[in-house]
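Asker: This is what each chain is made of:
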Amino acid sequence: QKEVEQDPGPLSVPEGAIVSLNCTYSNSAFQYFMWYRQYSRKGPELLMYTYSSGNKEDGRFTAQVDKSSKYISLFIRDSQPSDSATYLCAMKYGDSNYQLIWGAGTKLIIKP
Amino acid sequence: EADIYQTPRYLVIGTGKKITLECSQTMGHDKMYWYQQDPGMELHLIHYSYGVNSTEKGDLSSESTVSRIRTEHFPLTLESARPSHTSQYLCASSDTDGEGNTIYFGEGSWLTVV
Numbered sequence: 001q002k003e004v005e006q007d008p009g010p011l012s013v014p015e016g017a018i019v020s021l022n023c024t025y026s027n028s029a030f031q032y033f034m035w036y037r038q039y040s041r042k043g044p045e046l047l048m049y050t051y052s053s054g055n056k057e058d059g060r061f062t063a064q065v066d067k068s069s070k071y072i073s074l075f076i077r078d079s080q081p082s083d084s085a086t087y088l089c090a091m092k093y094g095d096s097n098y099q100l101i102w103g104a105g106t107k108l109i110i111k112p
Numbered sequence: 001e002a003d004i005y006q007t008p009r010y011l012v013i014g015t016g017k018k019i020t021l022e023c024s025q026t027m028g029h030d031k032m033y034w035y036q037q038d039p040g041m042e043l044h045l046i047h048y049s050y051g052v053n054s055t056e057k058g059d060l061s062s063e064s065t066v067s068r069i070r071t072e073h074f075p076l077t078l079e080s081a082r083p084s085h086t087s088q089y090l091c092a093s094s095d096t097d098g099e100g101n102t103i104y105f106g107e108g109s110w111l112t113v114v
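These protein sequences, in sequence, are chains A and B. Residue numbering for the first sequence follows the numbering used here, beginning at 1 and increasing consecutively. Residue numbering for the second sequence follows the numbering used here, beginning at 1 and increasing consecutively.
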């Protein structure tokens, strides 16, 4: 069983919709949770970072961590065609980035 | 925008050839990483470096080797390419470890071995 599970999609929604992207994980020691966005044929870029449980908001994006359920979510409000990309979750238990464990990514398509 | 550059972006090469994927960053980051990513699959760390003359293997076994002679440069070499090496290779760098540190990625090198 993978340490981090992510629905591969594709998830196709109309422009303006609220999007919910999710990851589940098995290692209760994970404390640092990240969401990356990856456009086609590009490298990932950090969108959101959350430490431990709780919510974090940045513009149209909200990251949510529920450690009791081992479940993290990324919400996108007022989705735009430019949000079409693959969204990767990543998490780690310690400070070092070499410890990062990645999800396989969810492909999101926003239809104009 | 991240200042980390990978060359070549796309490469088709014959079996048995030696290849070097170049990676350079201008941010002065001490830590650099090489990841392998197949379509629809997770990123897997194959090598990382915490500074000049420091290299370690990642969690995914790889027949590639790396060197870190200069802070800004972290090339990856395959001595004898095989079709199983066909993949996307992503180079990345970060500043310090800790809570909010960010990994910056290059645009990737797509390798096809025929």
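No wet-lab data here; the hints were simulated from the structure. Heads up, some of the hints might be wrong.
[Said to hold, decoys possible] List of simulated lysine to any residue pairs, SDA-like, C-alpha gap at most 20 Å:
#1 LYS92(A) x SER73(A)
#2 LYS2(A) x ARG60(A)
#3 LYS42(A) x LYS17(B)
#4 LYS92(A) x TYR39(A)
#5 LYS92(A) x LYS17(B)
#6 LYS70(A) x LYS42(A)
#7 LYS42(A) x ASP38(B)
#8 LYS92(A) x ASP95(B)
#9 LYS42(A) x GLY40(B)
#10 LYS92(A) x LYS57(B)
#11 LYS42(A) x THR102(B)
#12 LYS92(A) x PRO112(A)
#13 LYS92(A) x LYS42(A)
#14 LYS17(B) x HIS85(B)
#15 LYS107(A) x MET41(B)
#16 LYS42(A) x GLY14(B)
#17 LYS42(A) x PRO10(A)
#18 LYS92(A) x LEU60(B)
#19 LYS42(A) x ARG82(B)
#20 LYS57(B) x GLY40(B)
#21 LYS57(B) x ILE109(A)
#22 LYS42(A) x SER80(B)
#23 LYS70(A) x ASN22(A)
#24 LYS42(A) x LYS57(B)
#25 LYS67(A) x ASP83(A)
Asker: Decide, hint by hint, whether the structure agrees.
Answerer: Evaluation of the provided hints:
1. LYS92(A) x SER73(A): 16 Å, holds
2. LYS2(A) x ARG60(A): Outside the cut-off at roughly 30 Å; violated.
3. LYS42(A) x LYS17(B): Violated: LYS42(A) and LYS17(B) sit about 26 Å apart, past 20 Å.
4. LYS92(A) x TYR39(A): Violated: LYS92(A) and TYR39(A) sit about 23 Å apart, past 20 Å.
5. LYS92(A) x LYS17(B): Not satisfied, since the Cα-Cα distance of roughly 36 Å exceeds 20 Å.
6. LYS70(A) x LYS42(A): 29 Å, violated
7. LYS42(A) x ASP38(B): Holds: LYS42(A) and ASP38(B) sit about 13 Å apart, inside 20 Å.
8. LYS92(A) x ASP95(B): At roughly 17 Å apart (the allowed maximum being 20 Å), ASP95(B) and LYS92(A) satisfy the hint.
9. LYS42(A) x GLY40(B): Judged against 20 Å, a Cα distance of about 14 Å means the pair holds.
10. LYS92(A) x LYS57(B): The hint holds at about 18 Å.
11. LYS42(A) x THR102(B): Roughly 17 Å between the alpha carbons, so the hint for LYS42(A) and THR102(B) holds.
12. LYS92(A) x PRO112(A): 36 Å, violated
13. LYS92(A) x LYS42(A): Violated. LYS92(A) to LYS42(A) sits at ~23 Å, over the 20 Å cutoff.
14. LYS17(B) x HIS85(B): At roughly 12 Å apart (the allowed maximum being 20 Å), HIS85(B) and LYS17(B) satisfy the hint.
15. LYS107(A) x MET41(B): 12 Å, holds
16. LYS42(A) x GLY14(B): Not satisfied, since the Cα-Cα distance of roughly 25 Å exceeds 20 Å.
17. LYS42(A) x PRO10(A): 18 Å, holds
18. LYS92(A) x LEU60(B): Since the Cα atoms of LYS92(A) and LEU60(B) sit roughly 17 Å apart, the hinted pair holds (cutoff 20 Å).
19. LYS42(A) x ARG82(B): Not OK: LYS42(A) and ARG82(B) at ~24 Å, beyond 20 Å, violated.
20. LYS57(B) x GLY40(B): The given pair, whose Cα atoms are some 23 Å apart, is violated under the 20 Å limit.
21. LYS57(B) x ILE109(A): 36 Å, violated
22. LYS42(A) x SER80(B): Measuring from Cα to Cα gives roughly 26 Å; hence the hint is violated.
23. LYS70(A) x ASN22(A): Within the cut-off at roughly 11 Å; holds.
24. LYS42(A) x LYS57(B): Not satisfied, since the Cα-Cα distance of roughly 24 Å exceeds 20 Å.
25. LYS67(A) x ASP83(A): 27 Å, violated
Of the numbered hints stated above, those contradicted by the structure are hints 2, 3, 4, 5, 6, 12, 13, 16, 19, 20, 21, 22, 24, 25, listed in ascending order.
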